[in-house]
Amino acid sequence: MTHLTTKLALTALIGAGLVFGSIAEAAPKSGGVLNYVVGSKIPSYDGHVESTFGMIHPIRPFYSTLIRVNPSNPADPSDFVCDVCEGDVPKGEEGGTKFTFKIRKDVKFHDGTPMTAHDVKATMDKVVFPPKGVASNRKAFFRAVESITADNDYQITFKLKFPTGTFIPALALPFNFIYSKKDLDTHGYQWHKKNINGTGPFKFVQHQKGSFVEGVKNPDYHFKGQPYLDGIKAISAPKLAVRVQAIRGDRAAIEFRGFPPKHRDDLVKALGDKITVQESDWNCVLMMTPNHKVKPFDDVRVRRALTLAIDRWGGSKYLSRIAIVKTVGGVVYPNHEFAATPQELSKLAGYSKDIKGSRAEAKKLLKEAGVNLNFELHNRGVDQPYKVVGTWLIDQWKKGLGAKVKQRVQPSPPFYATLRKKKDFDVSIDFNCQSVINPIADITKFLSTAGNNYSQGGDAKADAIYAKLEKSADPKEQRALIRQYEKRVIDDAMVAAITLWWYKINPHRSYVKGWKIAPSHYLNQHLDNVWLDK
Amino acid sequence: MTPPSETAAAEIEVEADFEELAEKKPWYIRTIEMARQQPLAASGFVIIIIMLLMAIFADLLTFFPSEDNDLEYMLAEPGTIHSDLELTFLLGADQFGRDLLTRIVYGARTALFVGFTCAIIGSTLGLILGVASAYFGGWFDLVVQRVVDVVMAFPLIILALAVVATLGPGTQNVIIAITIPFIPQCARVVRSNALAIREIPYVDAARALGFSNARIIMRHMVPNVMAPYLIMLTSFLGQAILLEASLSYLGMGVQEPTPAWGLMLQGGAEEFAESAPWVAIWPGVAISLAVFAFNLFGDGVRDTLDPKLRSR
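Protein chains in written order, with the working numbering: chain A, 1 to 534; chain B, 1001 to 1312.
No lab work stands behind these hints: they were computed from the structure.
Warning: the hint list may mix true and false statements.
Claimed, not checked - Cβ-Cβ distance ranges computed for the label pairs, FRET-style:
(1) B:R1030 to A:V242: 48 to 56 Å
(2) B:L1289 to A:S78: 37 to 45 Å
(3) B:M1034 to A:V268: 39 to 47 Å
(4) A:D106 to B:P1155: 52 to 60 Å
(5) A:P43 to B:G1137: 29 to 37 Å
(6) A:V242 to B:P1155: 41 to 49 Å
Think of the CB as a built atom: it goes at the ideal place given N, C-alpha and C, for glycine as much as any other residue.
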């Protein structure tokens, strides 16, 4: 009996130890500096203007936003929480046309000035209603906004022209940095391109161009007890191999954009349990855009033949082993309720699993159009995943259509210039990368009026469907309209084609805790919940 | 005392004997003798000939398609057998399942095409510019040499990168980018030789006879600076191959799916260095071997044409 009691007591002791041990392990620890590598440059510090992770990863921790994607559940596209607002994110009054936010009273800018609703209004005015000559990259996301009013120092109200499901996700965009009204009034709208004064968890210390950005813990941060880190250091490392080696050699703990599968495997093989891997579908897709103003791509039969010849299912199976692409999908982010099911996809041109049948149809279309394809594929000089997918597409068209395709690769600035200004391409690799999953806003790329529709064409029927969709408040109707829109833009009118959706792989040092992968490399980058288990 | 007529006859006889002796040696004997005198150059020459044959007869020498993907065999190890084609990936396959040996053989085409085109055009334009600069002298020489100074101030790869960045990637632009830096290098070397030739009386004689400048340059000066020209040309061949590979490696040269050694390294070196090292090793070996061969051959040419350099 005594023996049994001793055994039970020991078991209970060990059990309690394990439980308390795991609790102790789960409790965030304060201290330490997070070193992370960034693979792109910082064009400017202004979040309202820029759209690159090269700016977001090093600069986002210095700023707050009105609301944000829940850092504990970033994978959920509809889970938003307050950042500088109080309580829950409002649901919307007056039939979803009025949103009132209470502003926290304990938020301070890094220069010591208290933040009020007037700062939020000044910021959102700059984003939504920028004065002439002032750039705002996400102005189009707020087309429904009629007015923004600061009711008092701690309350702000947005009035919409019509109810829309795109407003709250747009408000949660990580680029909507809250700026001080005083800075905007005193220094003008260009000041934030070169200067930083935010309310974020870290204070800006220094930026050595081409080398690193350094930040230190903000002791006045409005989420008490956070951030856990003493500081951050974003190290610039444009070469992928350098970034991988930085993590391997523990010079950096994490890279937030994502690594190709082979590098994940190499790191895991070399470091074992010292490496933790987080993976997720990515709200980013590579597209293939024909130039509708260049013959023979002005003919919808030729454009449809191009998409019909692509074996997306086969490509997914193999390319996912060597590139950061994986998921076969339509125009909507694959894991969203509005996304097409595999059955719905199989009815679209180029999505059938019978690739021989698709290619036979493609050849028939080309024959009808009297075209022998011989053209140039315009591509971006970035390996992952642009050049990998480009090489794969050329092979698909050669095998499926007997097409002779040359590849013209350009570095990023001239690549964008070709798409946006020169427009002298036959068919180009294109992309649609978004942050917060907001399908109704994300699919605007195919509209004939969209600034980022580089096809120089569009479809009037698709535009009309979208006009209905934008004003619909019923999710069922929205889903049905999206299906109709999808059928038009990637099949019947083939404005542009979806190739494969990206797949995010983040291997990082296991001592990095608190950071959860999101379906976008722009999200969950404020780093206030990250801690080091060292 | 032998009469002068007899001495002359004897000399003629001796010369005839020498010619006869020389003629008696078959070509292969003379080749072997040359190879013995210049064994390193000969081995370089053999490698160049093998590369040339590879480039010309690539279609006959290979059995896999050079550009078609075969994703089922992506990163296949050396020795893997292709079950449908019943062929072996002797050197393995790349990330798109393409046979590495086939792409190396076809890659020789790209390397040699770019190498020979750049070297020939670059050194020939340099020859003309250098001789003209030396012959005309004065302000023309001054201007040309200052321009040459400016261009030569930039390292070869930097200048080539700048040209490609301006014109854009692609085989044609790579040729232009590599050729431009070669011109002043050759012009400078040729000019120094041509300056000495300009002072020799036969050039004055030609001018006194009323020959045109073009005729004097092309008929009387250029043939006498062929030695430095040929030396520069052979040294440019290796440099051009290396530069083409460098530009392709940096993503600014030849583009996929064209087989090119530098491009093969670019696609595979970084990502698969650990899991599939053969993707990077074989194109690297091909580049090294080609540059080594042209350098050895170039040294041999230099030693033959300019024996004074041998002792240096």
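Now for the hints, and whether the structure bears them out:
Between R1030 of chain B and V242 of chain A the beta carbon distance is about 54 Å. The supplied range of 48 to 56 Å therefore holds. Taking 37 to 45 Å as the suggested C-beta distance range, the pair L1289 of chain B and S78 of chain A does not conform, at roughly 60 Å. The hinted range of 39 to 47 Å is not satisfied by M1034 of chain B and V268 of chain A, whose Cβ atoms lie roughly 57 Å apart. Hint check: D106 of chain A to P1155 of chain B, Cβ distance near 57 Å, so the stated range 52 to 60 Å holds.
One distance hint, 29 to 37 Å for the beta-carbon pair P43 of chain A and G1137 of chain B, is violated here, with the actual separation near 52 Å. Range check, V242 of chain A to P1155 of chain B: about 23 Å between beta-carbon atoms, so the 41 to 49 Å window is missed.
The structure fails hints 2, 3, 5, 6 (numbered hints given earlier, in ascending order).
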